Every structure is written in C-alpha cells, then in structure tokens.
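J.: Following the hints, put chain B in place on chain A, whose structure we already have.
Chains as they are written, first to last, in this note's numbering: chain A, 28 to 255; chain B, 28 to 255.
Derived by calculation from the structure, the hints in this document are not laboratory data.
Any given hint could be a false lead.
It does not matter which identical chain is meant; a pair holds if it fits inside one copy or across any two.
[Unchecked claim] Below, in silico cross-link-like pairs of lysine to aspartate or glutamate (EDC-like), each with a Cα-Cα straight-line distance of 20 Å or less:
no., residue 1, residue 2
1, K184, D109
2, K147, D95
3, K184, D120
4, K184, E58
5, K32, E58
6, K32, E116
7, K147, E243
8, K147, E206
9, K184, E158
10, K147, D90
11, K147, D109
12, K147, E116
13, K184, D173
14, K184, E251
15, K184, E159
16, K184, E76
17, K32, D95
18, K147, D186
19, K147, D120
20, K32, E122
21, K32, D188
It should be emphasised that the depicted structure is a prediction, and the values quoted were computed from it without experimental measurement.
There are 2 protein chains.
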Amino acid sequence: MSRLKSSGAVVLVSGGMDSAVTAAIALSENERVSFLHIRYGARAQRREESAFRALCQFWNVTDFQVTDLPSLSSFGGSALTDSSISLPEGSLDREGIPVTYVPFRNAHFLATATSLAEIKGANRIYIGAVEEDSSGYPDCRRVFYDAFTEAIRQGTKPDADISIVTPVITFRKSRIVQEGLRLGVPFIHTWSCYQGVTDACGHCDSCLLRLRGFSEAGVSDPLEYLKK
Amino acid sequence: MSRLKSSGAVVLVSGGMDSAVTAAIALSENERVSFLHIRYGARAQRREESAFRALCQFWNVTDFQVTDLPSLSSFGGSALTDSSISLPEGSLDREGIPVTYVPFRNAHFLATATSLAEIKGANRIYIGAVEEDSSGYPDCRRVFYDAFTEAIRQGTKPDADISIVTPVITFRKSRIVQEGLRLGVPFIHTWSCYQGVTDACGHCDSCLLRLRGFSEAGVSDPLEYLKK
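The following block holds chain A by itself, in its conformation from the complex (with noise of 0.2 Å):
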C-alpha cells in the first residue's frame, strides 16, 4: 500500500480473478474508489465487461468507468487481440513469452488510469498485475511497476503524487483465491478465460492458472467449464 494517506484510488477491474481480488484489497484500504475497465479488443471483452458490470453491482460501486482502447487490437500481434493467431492450450511449461502478450498492454492501463487519478485528485493506483505463477508478461513483472510509478512522478503535475499500488504481484494464485475468500470477492461473477465463450474452456493457459490456483487453495471454482 502507498505510503501517502489515500485522497481516492482508482483501480483497474478487467473483471478477473486477480484484479477482483486487488479491488476488494482496495476498497477495504480506500474511502473513495473508482472503479476502471478497459476494452482493448480481446477476444473475452464482452464477457470480461459483464463480469466487471457484475462486481461494480456486487460491491455497489456506483464511480466506475468504462473506456475504450481501440489501437492495440488494430496494431495485432497477439493472440488475445487478433484472432489469425491460435491461442496456445493445454500446458502451463512452456519457456518464454508467450503469444498471448499484448505488446506493452498494461503501460496503456496505467497511462489511463493516471489521467484519470490526475483529473480526480486521487493518488493511489491499483493493478491486479501477477509477477509469480504467471504468464511471464514482462508488464506484470515489479520492476516495471517501479519504473513506470517514476514516469508518472515525472509526467505528471508535482502535487499529483500518485503510486501504484500491486497488492498480489508477489502472490501466488492459491493465495489470491484465499485473499479473495478471506475478503468475501464473489468469484462466480468474475471472468479470466480467454475466449469469449459461455462457459469458460478450462484449457488455455489463464483457465488452468485459476483452476490450478483453486486446486492449491483447497476449494471449487464456482464457475462453469467446459471441460475440467
């Protein structure tokens, strides 16, 4: 958590596991939250909108936005945005970075929430990244959170003092599953499969961190797949 006493928390919710349970770390640290989601063009984008509709609801957050992101689906070059390349399944032992790596995606996260902070005076910035247990995205690794938390000092208005705050980049998954249950996240309204289907497919490679991650931890998922 910052070190600055909180004037408001805006907090980045694709409506997956882990940012539902950095939102609920940041509601129960923050008087005032707002709640962002972002539509970059991924192939789950109407599921992970109403997973992230579904928990605003769930929790009575009424200072949300929704805004889009038009240009990394146009530019391509991952699997989570371009549907000419095969999501990879089956296996979480592959070496390197992966091809679902949307290039650079969560610096566009943090420069939107960082306006967005700016505008409202609020100077925490919550991201579910996972460095550990993880796809290997090196946008979720701590280093560029550090990093990109100086950018923001030095791009920003000088009495703006906003930090990034990555309550679960260390953890993990069992741990974010028995954060999320210690913290009461209503994990059947969130979604982290990356096809945009019904019933999640409990093959690619976010559906088998969760299930493994709910498998450590001990408990069911209370979503539905296809097959398990």
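T.: Below, chain B without anything else, positioned relative to chain A:
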C-alpha cells in the same frame, strides 16, 4: 539519436511544427520509418489529421497509422479536450501548468508508439516534445522521457531494445523553425493552433509560441491567421 543501430523508427506526428521537424529528422536518420497519428479528441482533431495526412503525402510516407484514443476526452479535465473549459489567450507569461495540459497525455502517446514499435520490430520512437520555450507541461520534460525509457525497457520483451528520441526537446521554437527550413519541412502543411478553425486563431498559446518562433527566426510563417 539512439546509440543503437536503427531497425526502424515509429514517429509520433500530430501535424504540428514540432512533430513535423521531428519527422524530417527521423526520415534523415532511419531507413525504415512509420508515422503514427493519434486522434485523442482535441478541439483541432480534424485539422490536425488533415495536416498529418498532408505531411505523409508530401514525404511519400506510405507506412502510417491513424488510431483513436477516446479515454482522454471522455475523462475531460483539459481545455484542449473539454469545450466547457475556455482556452486562454493573449499571453505567454502565465505561471504554472496551463489549463490546456491534458493529464499524462504523452504517456498514452508513448505507450501507443511502443506497442507499435514492438510489433513492428522497430527500436526507436521519435516524439517532438519541447521542454524549453514551451507551455510548461510536465510530460514534455526530459526527466519524464528518461523515466519512460526505463519503463519501456522493463515492460517490453528483452530483445525489443526500444529507445525514445526527442530531437527538439532542448530547442527554442526559432531553432525548430530554422532546422525545419534546413530540412525542407513544408510548414504550410502543419497546424499548431489549438482551435480547429479554417485559419489559425493567432492568439492561443500554441499560435503565440509558433509566431514568436518564426519572428525570432526572422522568417514569415506561411500559414494564414485570423489576426496577427
């Protein structure tokens, strides 16, 4: 200029004089150049896009992208994107950060250029930020670009090696004019005015800075002005 050998450059081209001169410099320093124009809902958006397209045509640049960034104008908070906030006029002597500051705008521009560069395998991003003789925006200062460069290094693939080039950041406007004349920049095709009118207004901060630059360089601005 980057110390790395160029594998291609992405140039942020708004259509203003600073970005046009930056583009001319990029074209002189790189074999492979892509122009990137971002529509972010500025008052002069349509006029700026026309300037951008005229510059592409003038230099015969066929590798260009025009992309939308709707979040900044939907958030408001700046006289450039929010018509309910009046544009200041008539003086460059005001203290502090002006109401035309669009919170953290250039971070969005850099993030967009970085994503495009990473997808294209380009290792340089050119941006026509000006620190001296400018409007006093925090995201136009060299310290911001240094910090963002580190964020790019940490948040992209290890082999991306993308650096930010700010060739006019220390220039006074008059030197930008001189450099542009030396490189054959068609200033007639550029647009600096914050207003999106047929002729430049001649009294917003951006017009005043431009006119002072031409005046100090001892040459005439080829643009038409409503009043000079």
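J.: Evaluate each hint against the coordinates.
T.: Okay, the hints, checked on the actual structure:
1. Only between protomers do K184 and D109 lie at most 20 Å apart by alpha-carbon distance; the minimum there is 19 Å, versus 37 Å within a single protomer.
2. In this assembly of identical chains, K147 and D95 lie within 20 Å of each other by CA distance solely inside one copy; the values are 19 Å within and 23 Å between copies.
3. Taking identical chains as interchangeable, the C-alpha atoms of K184 and D120 lie at most 20 Å apart only when they sit on different chains, with a minimum of 19 Å there against 44 Å within one chain.
4. With identical chains, the CA atoms of K184 and E58 are never at most 20 Å apart, being 23 Å at best within one copy and 37 Å at best between copies.
5. Taking CA atoms no more than 20 Å apart as the test, K32 paired with E58 passes inside one copy only; the shortest distance there is 11 Å, against 50 Å between copies.
6. In this assembly of identical chains, K32 and E116 lie within 20 Å of each other by CA distance neither inside one copy nor across copies; the values are 43 Å within and 37 Å between.
7. In this assembly of identical chains, K147 and E243 lie within 20 Å of each other by CA distance neither inside one copy nor across copies; the values are 40 Å within and 40 Å between.
8. For a Cα distance limit of 20 Å, the shortest separation of K147 from E206 qualifies neither inside one copy, at 29 Å, nor across copies, at 40 Å.
9. Proximity of K184 and E158 under a CA criterion of 20 Å is satisfied inter-copy only: 15 Å between copies versus 30 Å inside one chain copy.
10. For the homomeric pair K147 and D90, the shortest alpha-carbon distance inside one copy (11 Å) is at most 20 Å, but the shortest distance between copies (38 Å) is not.
11. For the homomeric pair K147 and D109, the shortest alpha-carbon distance between copies (15 Å) is at most 20 Å, but the shortest distance inside one copy (34 Å) is not.
12. In this assembly of identical chains, K147 and E116 lie within 20 Å of each other by CA distance neither inside one copy nor across copies; the values are 41 Å within and 26 Å between.
13. Taking the shortest Cα distances, K184 and D173 sit within 20 Å of each other both inside one copy (19 Å) and across copies (17 Å).
14. When the C-alpha separation of K184 and E251 is checked against a cutoff of 20 Å, the pair qualifies neither within a copy, at 46 Å, nor between copies, at 34 Å.
15. For the identical chains of this complex, K184 and E159 are inter-copy neighbours only, at 17 Å across copies versus 33 Å inside a copy, given an alpha-carbon limit of 20 Å.
16. In this assembly of identical chains, K184 and E76 lie within 20 Å of each other by CA distance neither inside one copy nor across copies; the values are 31 Å within and 28 Å between.
17. Taking identical chains as interchangeable, the C-alpha atoms of K32 and D95 are never at most 20 Å apart, the minima being 30 Å within one chain and 35 Å between chains.
18. For the identical chains of this complex, K147 and D186 are intra-copy neighbours only, at 13 Å inside a copy versus 37 Å across copies, given an alpha-carbon limit of 20 Å.
19. Within a single copy, K147 and D120 get their C-alpha atoms no closer than 42 Å, and across copies no closer than 27 Å, so neither meets the 20 Å cut-off.
20. In this assembly of identical chains, K32 and E122 lie within 20 Å of each other by CA distance neither inside one copy nor across copies; the values are 41 Å within and 28 Å between.
21. Proximity of K32 to D188 under the C-alpha cut-off of 20 Å is restricted to the intra-copy arrangement: shortest distance 10 Å within a copy versus 37 Å between copies.
Taken one by one, the earlier hints fail for this structure at numbers 4, 6, 7, 8, 12, 14, 16, 17, 19, 20, listed in ascending order.
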